[in-house]
Amino acid sequence: MLHDHSLTVLRDMLRRREISSTELTRHCLDRVAQYSDLNAFITVDESGAMSAAAAADAQLARGESGLLTGVPIAHKDIFCTKGVLTTCGSKMLENFISPYDATVVECFDQAGSVIIGKTNMDEFAMGSSNETSFFGSVKNPWDPDRVPGGSSGGSAAAVAAYLVAGATGTDTGGSIRQPAAFCGLTGLKPSYGRVSRYGMIAFASSLDQGGPIARSAEDAALMLQCMAGFDPLDSTSMNASTPDLATLLGTEVRGLKLGLPKEFFDESVDGQVLEKVRDSLAVFERLGATLVDVSLPNSAAGIPCYYVIAPAEASSNLSRFDGVRFGHRSENADELLDLYENSRAEGFGEEVKRRILIGTYALSAGYYDAYYLKAQKIRRVIAQDFASAFEQCDVIVGPTSPTTAFPIGAKTQDPVAMYLNDIFTNTVNLAGLPGLSIPCGFDAAGLPVGLQLIGKFMDEASLLSAAHQLQQETDWHQRMPAGY
Amino acid sequence: MLPFLQFPPSRKTVSISEKDVLRVAHLARIRVSKDELGRYQEGLSGILSLVEQMHDCNTDGVEPMAHPQDIQLRLREDQVTESDRRDAMQESAPKVGEGLYLVPRVIE
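Protein chains in written order, with this note's numbering: chain A, 41 to 524; chain B, 17 to 124.
No wet-lab data here; the hints were simulated from the structure.
Treat the hints with care, as some may be off.
As the list claims (entries may be wrong) - Calculated pairs, DSSO-like style, for lysine-lysine (alpha carbon to alpha carbon, straight line, at most 30 Å): (1) A:K131 <-> B:K111; (2) A:K496 <-> A:K131; (3) B:K35 <-> A:K131.
Said to hold, decoys possible - Anything over 12 Å on all C-beta distances counts as not near chain B; from chain A, calculated: (4) V323; (5) R365; (6) A405; (7) I418; (8) R420; (9) A485; (10) G486.
C-beta: ideal position from N, C-alpha, C; glycine also.
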């Protein structure tokens, strides 16, 4: 079937004109409709997609093609799209239509891809299960009673169910890698500054980074090529060229030193997860990589540190939602203060409010040193731990998440239990490093297990190459959930 | 809970008062109703108890790190780069009139 093909194969079939973009886009839209109970999409842009497909076909007929001409993809609903609803999973932006495109959206438009729609997500990307979305939970295609992970849960579910071959996500503390792990996908959080944040609705600006969610490292590399690059509109964008595909996928694995932090192989991690991770490390050894023991001694401080820094930045970023310039405005306000307080109380969901309150508390007079400053110091300690570990190895490996996908509703009443999901991912954001999650097997319940590879700053090539070469030897990334 | 073996979690639990919740909610400009107060109090206390574990990590003499790139932010020429896009920007505003954002009267 058409949807079985990878993003790269579809791109090549379109170029060879074996299929048309109109036919492929129609097929994707039909599948989105057929599997609408997954709730993977907030907005489906059928007419926009069909006209982009027609334009792509005309371009291909002229023998012209961009990087992804005619290939359908989906954007996480955190990326602003001109003329198409951008909700960020919130009631606050339920009716928001952006006056401009995010740079990432523009990149995919320039590359000729077809945007099927906007995917569901945790509200303002705050969550690890997609359950905080104002538009409802998303089902995991591997088991509809389980979460797809979050916050990029809709993108992950859409790719895992073969509705699209690739989708964009964003990752502030694990929001690309954990859903990729829970849904059996390949998800890359690039180095901080690799992908423009312009037009990506801000959660925690020193941690946020956009990236691809796809089925294979090859597809993720192709999407990274499309998304990455210097953007004068983002003041933290790195002025560095993006490696070509041959470098991203062909860097030698033989001789690569993989570091295993003892803290990531702790006995508190699910035994089946560790077993599958170790199995895939044995494949890397067969490919000529060597395994070395390393330590990230302050990893456990990552969670408390992250849950000060991210909410503090969020409390500042989300102050822009005031009921005046855009977003929800309370009908019930006689005075300006009521307008602010009621618009925000009505427009934000509970988890977003909780994080704004924590962030405000941490930044408030008398608490700044004990919370925010302390967290910033720990952030450096964590970054230094990574730097020391990278003196002994090229790539750090371990589980992406301590468990496989958990049941819908299992952690919604306990925010702290939910936060602990990010234990292996959020230190990577604190240090600004690239991180990749790839599927490495299944537990006894048939749920995918994710392997995380963490690289040196701007060294996505070692991660994607190692993953690509592993994926030549294994077929975990090609498994398909039953019923799709 | 998933504590790492090397890192004894702090036993200290923090509880935040109703008054504190209301103070912070006011600073954040979020109305918190009486019915919600207990839930936020519980949620915030739980998070602060987690955050308390930061104090088990020694940071003596460590410089704070505000940003993953320890570099100066880029500066650009002091030139106007934006065109006037007021109308486009105000299309998404909930209430405007004559090119102005409308709010409840603040000055009598």
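Evaluated hints:
{"no.": "1", "hint": "A:K131 <-> B:K111", "in the structure": "holds, 17 Å"}
{"no.": "2", "hint": "A:K496 <-> A:K131", "in the structure": "violated, 38 Å"}
{"no.": "3", "hint": "B:K35 <-> A:K131", "in the structure": "holds, 28 Å"}
{"no.": "4", "hint": "V323", "in the structure": "holds, 27 Å"}
{"no.": "5", "hint": "R365", "in the structure": "violated, 6 Å"}
{"no.": "6", "hint": "A405", "in the structure": "violated, 9 Å"}
{"no.": "7", "hint": "I418", "in the structure": "violated, 5 Å"}
{"no.": "8", "hint": "R420", "in the structure": "violated, 4 Å"}
{"no.": "9", "hint": "A485", "in the structure": "holds, 20 Å"}
{"no.": "10", "hint": "G486", "in the structure": "holds, 23 Å"}
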